[in-house]
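Engineer: Here is what each chain is made of, one letter per residue.
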Amino acid sequence: MNGAYGRSRRFAWLEKDNVIGYVFLAPFLIFLFLFMILPIFQGLYMSFFDWNALTPPAFVGLGNFQTMFGEVDFWSSLWHTVYFVIISTLPLVGLGLAIALGLNRSFRGKTIARGLFFFPYLLTVSVVATIWRWVLQEHFGLLNYYLGKLGAASLKWLGDPNLAMISIALATLWWTVGFNVVVFLAALQEIPEQLYEAARIDGATPWQLFRHITLPQLQTSLTFVFITQIIASFQVFGQVNVMTGGGPFGSTRTLVQYIYEQGFKYLKMGYASAVAYLLFAIMFVCTALQWKLFSNDNDE
Amino acid sequence: MKKSLIVAALLCAMALLLAPQTFATTKLVYWDLFSGGDADFMTAMVKEFNRTHPDIFVDEVPNKWDDYYNHLLTALVAKKGPDVCIIHTSNLPAFASKKVLLPLDGPIAKYNFPAKDFGAKLWNGGKYQGKQVAIPLDVHPFILYYNKELLARAGFMKDDKPQIPANPEEFASFLKTIRAKTGKFPLTLETNGFGGYRSWYSLLNQAGGSLMSANGKKMTVNSETALKTLTWWTNLLKENGINSMNYDESVALFSQGQSALHINGVWVTGGFEKQNGLKFGAMPFPNLFGSKDAWGNSHNFVIPNPAKADPNRIKATLTFIDWMTANSDKWALAGHIPPRYSVLQGEKYKSMPYRPGYAAQMESIAYLPSNVHMLEIEQFMADEIAAAYSGAKTPAQALATIEQKSNRVLK
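Chains A and B are the protein sequences, given in the same order. For the first sequence, counting from 1, position 137 maps to 137 in our numbering; every step adds exactly one. For the second sequence, counting from 1, position 209 maps to 209 in our numbering; every step adds exactly one.
Hints were generated in silico from the structure; no laboratory data involved. Heads up, some of the hints might be wrong.
Derived DSS-like pairs: lysine-lysine, alpha-carbon spacing no greater than 27 Å straight-line [unchecked claim]: (1) A:Lys-265 - B:Lys-99; (2) A:Lys-265 - B:Lys-217; (3) A:Lys-265 - B:Lys-308; (4) B:Lys-218 - B:Lys-228; (5) A:Lys-265 - B:Lys-218; (6) A:Lys-265 - B:Lys-411; (7) A:Lys-149 - B:Lys-184.
When you get a sec, could you build the whole thing from the sequences and use the hints?
Structural biologist: Shown next, in the form of structure tokens:
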């Protein structure tokens with residue numbers, strides 16, 4: 001928009017075309033406002049109150065934030081979340097890219113293979129988590145059964161605090177890597193074949209092709225996948241809730257689980273909002289940092 | 001959650017359309033949290049009630065257990081929701097303290113509700129700060145299941161009765177003998193999950209220990225008794241290789257005949273009796289430290305939204321609760337122990353398989369203390385006790401942590 005737009009810019013929305021535009025947008029905007037924008041601000045407002053949802057709220061200022069920073073379980077949940085982000089993001093992006101590169105070649109059964117990798121993504125979190133909870137059982141689990149056949153010792157996949165989060169990351173990888181594969185695959189097919197041809201004529205090695213053509217061409221989708229992946233990993237909840245319930249002894253309790261317990265189980269809505277806002281701030285900073293990092297690359 | 005609300009709303013709407021609307025009918029919307037086998041028994045009972053009471057129509061809205069309390073809370077916030085619903089004893093204080101449950105002492109006296117027929121412990125479990133806010137439908141304590149074949153092989157069955165020792169030392173060597181003679185797990189139970197603390201909590205109560213002071217102001221969990229029972233129990237679990245076992249697995253091992261004993265709530269009875277070839281029995285929790293106490297919880301009927309309740313509907317609700325509890329032998333099919341003596345002593349209940357064998361446990365229920373913060377403290381307990389079992393913390397560290405975290409919440 002610029003100054004030439006007209007004298008009564010303030011009332012521009014009243015002009016006929018605009019009104020019709022807003023009428024078309026209204027159903028969406030109303031829902032967006034009622035169920036997204038408004039709750040976002042209500043959540044912030046709530047975080048300054050001590051409120052159990054059933055009796056009137058009491059203003060506590062920054063009290064909830066103060067409590068939060070003094071709470072051992074908050075810090076451990078934050079660490080578990082960050083740990084999950086660290087161990088899940090790289091495999092999800094890296095393996096996603098690797099599978100996409102493999103599937104981008106032509107071979108028999110390519111379509112079926114693509115479908116197979118995407119299939120788990122269609123399942124709901126409770127189905128995926130329940131399947132994996134049984135696969136990873138110590139005494140009856142499929143995984144330990146086959147490990148046993150290979151002569152390996154049984155592991156407590158979900159019962160050992162050092163393994164439990166890794167097991168959850170494994171299940172998450174199986175579940176959602178297909179989505180990243182699809183994004184990468186679509187991007188790979190967009191890369192003009194001439195680029196590779198020209199490079200090959202110049203004698204480029206496969207690694208050089210990947211490093212100097214494929215990767216730069218994937219820049220946008222890499223940014224997209226990385227950012228959405230990190231956001232999704234920060235919000236991990238369903239898999240944890242069904243597979244371990246936050247256990248063994250709280251070693252897989254993540255921030256969203258902590259928020260859920262504090263808010264809906266112990267009716268500390270204000271406190272839960274405060275923690276939710278902290279999570280939001282962390283994710284906001286992470287996303288902004290990545291954005292900056294990747295777009296700087298672009299400018300080179 | 002949003003989805004389940006919509007589904008519930010649709011169900012309500014459908015039920016409204018289908019309900020036979022005669023003029024004098026009092027309609028009661030009833031929410032519960034039963035799923036699977038339990039839900040079938042519950043729905044059949046409500047149907048039977050509606051058939052035999054033309055003047056009352058109870059509209060059952062079954063909810064999924066895992067988001068039931070969120071659902072109920074949301075409804076209460078909006079001052080909506082059912083006329084009557086189910087709440088666990090452990091969840092009562094959280095709701096009762098916010099004054100969203102109708103005190104029932106008045107209506108109970110007015111309509112001559114048969115309070116005396118109920119087990120005293122269960123009836124008192126329905127009180128909050130001395131006021132009756134709930135009426136128990138059942139009690140579901142921890143009990144002991146035993147595999148008859150494995151116990152016989154180890155030499156502990158006499159005249160079809162299991163010989164279970166009643167003190168810690170003998171119990172430990174009893175498990176050792178079973179292990180040696182059968183090569184199976186002598187005992188299985190959940191030890192690394194949320195319910196892991198329940199077996200120890202039973203022992204704590206047996207030994208006369210307690211979780212918090214009677215006035216609910218301070219934790220008493222970091223005691224000699226607590227340390228003694230927790231240390232003994234942890235060592236025993238470790239010795240038998242069951243100190244880090246999850247729920248599903250403990251149940252599967254017993255139903256596959258891989259375990260001689262199994263400690264769990266009465267709710268698994270129905271599943272075990274469907275297991276082909278499993279010859280098992282069920283009895284009260286073993287008395288190891290001088291009393292028969294065992295962890296337990298109850299489903300209770302409550303009347304939410306006191307401001308909304310009108311006398312006519314309160315009367316109909318009490319008729320419904322009276323009938324449901326008087327017919328709780330039908331509910332006992334799900335494994336739960338009926339709350340009323342008239343049912344427990346009735347021929348129908350006494351002739352049921354397995355269930356009468358553990359009914360006596362209702363006299364020695366160790367509920368969690370009635371405290372507004374109990375759910376949070378329960379989580380601390382669940383986390384710390386499982387950490388002690390697994391060896392990640394010493395029993396003393398675990399107890400100190402429960403005490404410290406809980407006292408912060410209580411103050």
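Engineer: So, for every hint listed, does it hold in this structure?
Structural biologist: Results of checking the hints against the structure:
no.	hint	verdict
1	A:Lys-265 - B:Lys-99	17 Å, holds
2	A:Lys-265 - B:Lys-217	21 Å, holds
3	A:Lys-265 - B:Lys-308	25 Å, holds
4	B:Lys-218 - B:Lys-228	20 Å, holds
5	A:Lys-265 - B:Lys-218	21 Å, holds
6	A:Lys-265 - B:Lys-411	19 Å, holds
7	A:Lys-149 - B:Lys-184	21 Å, holds
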